[in-house]
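Going down the list, the sequences are from chains P and Y. The first sequence begins at 743 in the numbering used here and counts up one residue at a time. The second sequence begins at 743 in the numbering used here and counts up one residue at a time.
A couple of the hints might just be wrong.
Below, simulated DMTMM-like cross-link-like pairs (lysine to aspartate or glutamate); rule was C-alpha separation at most 20 Å, straight line [as the list claims (entries may be wrong)]:
1. K965/Y - E751/P
2. K945/Y - E771/P
3. K965/Y - E906/P
4. K1043/Y - E1053/P
5. K931/Y - E906/P
6. K945/Y - D803/P
7. K965/Y - D809/P
8. K945/Y - D905/P
9. K965/Y - D803/P
10. K945/P - E770/Y
11. K965/P - D803/Y
12. K965/P - D776/Y
In short, the hints are calculated from the structure, not lab data. Fair warning: this is a prediction, and the values are worked out from it, not measured in the lab.
2 protein chains.
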Amino acid sequence: MSDSNRITERITFCIKGELWEQIPKFFEELHPADIAEIINHAPSSTHNKLFDLIDDSIKPDVLAELDDQTEADILEELTDEEISDIIEEMAPDDAADVLGELEGKRSEEILELMENEESEEVRELLQYDEDTAGGIMTTDFVAASATMTAEEAIDYIGSLEFDEPLYYLYVVDAEGRMTGWIQLWELLKQANRNLSLEKMAEKETISVHTDTDQEEVARLASKYDLSSLPVLDRQNKLVGRITVDDIMDVMEEEASEDIFKLAGSNDSELEDTSPLQACKARLPWLLITLGTGFVSSLILKSFMNHITMSEVVALSFFVPIIMAMGGNTGIQSSTLIIRGIALGASHSRKVAKIITHEIIAGASMGLICGATIGLWARFMIAHNGPSAIAPSFLAVTVGIALFSAMAFAAVFGALVPVLLNRFKIDPAVASGPFVTASNDIFALLIYYGVTLAMISAVHAVV
Amino acid sequence: MSDSNRITERITFCIKGELWEQIPKFFEELHPADIAEIINHAPSSTHNKLFDLIDDSIKPDVLAELDDQTEADILEELTDEEISDIIEEMAPDDAADVLGELEGKRSEEILELMENEESEEVRELLQYDEDTAGGIMTTDFVAASATMTAEEAIDYIGSLEFDEPLYYLYVVDAEGRMTGWIQLWELLKQANRNLSLEKMAEKETISVHTDTDQEEVARLASKYDLSSLPVLDRQNKLVGRITVDDIMDVMEEEASEDIFKLAGSNDSELEDTSPLQACKARLPWLLITLGTGFVSSLILKSFMNHITMSEVVALSFFVPIIMAMGGNTGIQSSTLIIRGIALGASHSRKVAKIITHEIIAGASMGLICGATIGLWARFMIAHNGPSAIAPSFLAVTVGIALFSAMAFAAVFGALVPVLLNRFKIDPAVASGPFVTASNDIFALLIYYGVTLAMISAVHAVV
Chain P
743 MSDSNRITER ITFCIKGELW EQIPKFFEEL HPADIAEIIN HAPSSTHNKL
793 FDLIDDSIKP DVLAELDDQT EADILEELTD EEISDIIEEM APDDAADVLG
843 ELEGKRSEEI LELMENEESE EVRELLQYDE DTAGGIMTTD FVAASATMTA
893 EEAIDYIGSL EFDEPLYYLY VVDAEGRMTG WIQLWELLKQ ANRNLSLEKM
943 AEKETISVHT DTDQEEVARL ASKYDLSSLP VLDRQNKLVG RITVDDIMDV
993 MEEEASEDIF KLAGSNDSEL EDTSPLQACK ARLPWLLITL GTGFVSSLIL
1043 KSFMNHITMS EVVALSFFVP IIMAMGGNTG IQSSTLIIRG IALGASHSRK
1093 VAKIITHEII AGASMGLICG ATIGLWARFM IAHNGPSAIA PSFLAVTVGI
1143 ALFSAMAFAA VFGALVPVLL NRFKIDPAVA SGPFVTASND IFALLIYYGV
1193 TLAMISAVHA VV
Chain Y
743 MSDSNRITER ITFCIKGELW EQIPKFFEEL HPADIAEIIN HAPSSTHNKL
793 FDLIDDSIKP DVLAELDDQT EADILEELTD EEISDIIEEM APDDAADVLG
843 ELEGKRSEEI LELMENEESE EVRELLQYDE DTAGGIMTTD FVAASATMTA
893 EEAIDYIGSL EFDEPLYYLY VVDAEGRMTG WIQLWELLKQ ANRNLSLEKM
943 AEKETISVHT DTDQEEVARL ASKYDLSSLP VLDRQNKLVG RITVDDIMDV
993 MEEEASEDIF KLAGSNDSEL EDTSPLQACK ARLPWLLITL GTGFVSSLIL
1043 KSFMNHITMS EVVALSFFVP IIMAMGGNTG IQSSTLIIRG IALGASHSRK
1093 VAKIITHEII AGASMGLICG ATIGLWARFM IAHNGPSAIA PSFLAVTVGI
1143 ALFSAMAFAA VFGALVPVLL NRFKIDPAVA SGPFVTASND IFALLIYYGV
1193 TLAMISAVHA VV
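Given the sequences, and given the hints that come with them, work out the whole structure.
This is how it looks when you write it as structure tokens:
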């Protein structure tokens, strides 16, 4: 690895100094994925120049690894003929990904220039939604009839012009429906060589349909420890397979998606880094927060009518604490539930159990934090000399309010994703900013609710 | 899939009704990963009973898939002999994972009961830190000398008693150092059959060392599209390989870790779901938030000395808005940077570029939100009749303050993870709660700073 780091540094140096003629010999020593990374990070004005310096034989591999924005820059400058030559050498799924980034008319022109067999496969793949198994599968797979022996299957595989990683031989019937699979290494075993595929094949296979969501694909691969997954069409005919590189990409993509959603943004930010794009991704949730802020300002204002101005002032010192604690507690319990759902772990956990868990956790943490803030409030006000509000009254009020706000936030934060999931809404999408915003308001209402209750209780006693 | 869902439902029904005798026949129809999932989700009092009902031949596979807590429950009730029998049938890395969960003395007793060859491999694996390549690798791999032909290699692989997925044949020299690799399917090609491995092998291989961090392992596998990775010791001798299931586990684990860290918690919550554990994971960051709250209450109090009480009240309506907006803006830009770093994308992005990006994004969003809140403040106060503070003065102050707080939060939120990463501190660990907490305080300081500046400006004019 240190070797490729050193070469990368030299290339970066050459790009800065515009020493183009030195770059091709460095590129030769690098993996296509490393070259792609260098181009991704180079200034966009150099993208075409750099791509041009790559040896033709690995251009397809590099193109497949570029990020969307860089790829778009480069495709814009290439002729249709050049693009068609490059993507003919790519795996059909990678070729379809490239064409999917182009506008329909241009993509059609390029398909016309490609060899028939190749373009047909790509056309087929282009019809699937890019977030489904069909959208990430490749049509390159190897299938054999159940009557073949292992020995024959080995020879058959050896005779194919196949250039993509191959781990499974799929066994199909006369209609092309998958009846089982065999891992390549199991075919090689001496004891198996004369057995028919029928006898050897694993019948309990895991497969997906072309319209299966890619998140489910990744979940199945991870659960059943699979390096690739067969894809069936609506008639259960085997039409493709999803390879490990795409499975890993999906896992990263889905994790990014959840992380960005929790922060009230989206993962398009990872690709396109213009500030405008950032605003577009982030503003909607900030505006929701802003809206919540309007509500909280109204609550504060209306509350003012019920107590004296000096009481308002003393209480206002603790507004930020109570809101921040409510928001954070809520987001912590949301996160637990959302990630659990994403990993397929919380499907069968009962709502009642989750609520009990969060009530206990939220109440315990609220007790500790509430007691602490109560002491702090007592200390702060006492050291301020005479105040309009009795220090111990304030301390108890603030402590109870924080305790209640946290216990509520923990339960609310857990409930929202559970309910969203039940109504088939992605729990990550709204939970982060929505839970934080709602807990802000509820925390404020609880705070003033407790205060008013305490005041009327004191008056009743007096 | 619907089949296994139906069986799962029936088993869940049997568990509830304690119809134990019916369960084994349902288990027979399920994949070990499905059985493990059922046991994970069943009440812990039934864990041992259920494990006992599994056919002995698949107990090792099920045990390898259980979550840590359930596994611990079951191991506690099994005898050392039973455990040793089960883990002898597991891949060495899975066996080491099981023993790693037991206390040292018991683990040693079980190792004594195992066959020598098997226990030696496991002992070797137990010495590595569980978050490193050594900790997740298995010692089952196949290596051959470069002088062999492809045909000979096929026969050699076929003669092995090998029971784990195998995709690569590693080529090693006399000292056991890896000199290249060949994918299994490439061995099978007719054109290659008589070639020596020396000629065929890919020399530019990607490998890791036993002490490589598991996050780096996942990053390499994903970058170079690899379904497994060879592991070398300090003398560059080939000692193991990391298989695709472990790579996928690491990817999920690392994503979970980052998500939980961002929320101020940790991913131990996914495993152990007791409320006490939840408190332990979440409280530290809540206490930091609480500490920040103390500071903000002091700021609010000291500020009170500089302006009139009715000014304090009018300004206090907008404290929650400004703090919430600052916190959210900061967390959004932190998230972008943290995820970029985790995916290896932001390594070479320059700090200056990131800051410029975030200044523009933060300032634009601040402009929009600042103008909106300014109008809102004007509206709110105007409709409240005569106030101690001039409505347009308040509107301008609040608008400018929100704009400044958001622009600052965007830059600060981006800078913190960049700097943590530069000092080799995991940027996810502190960013979430730390950035939110700091931005809360800065937002408050900015708010009152702007107010005081405005007041003295107005006085100067008057």
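Hint by hint, where does the structure go against what was stated? Just the numbers, ascending. Result: no hint breaks.
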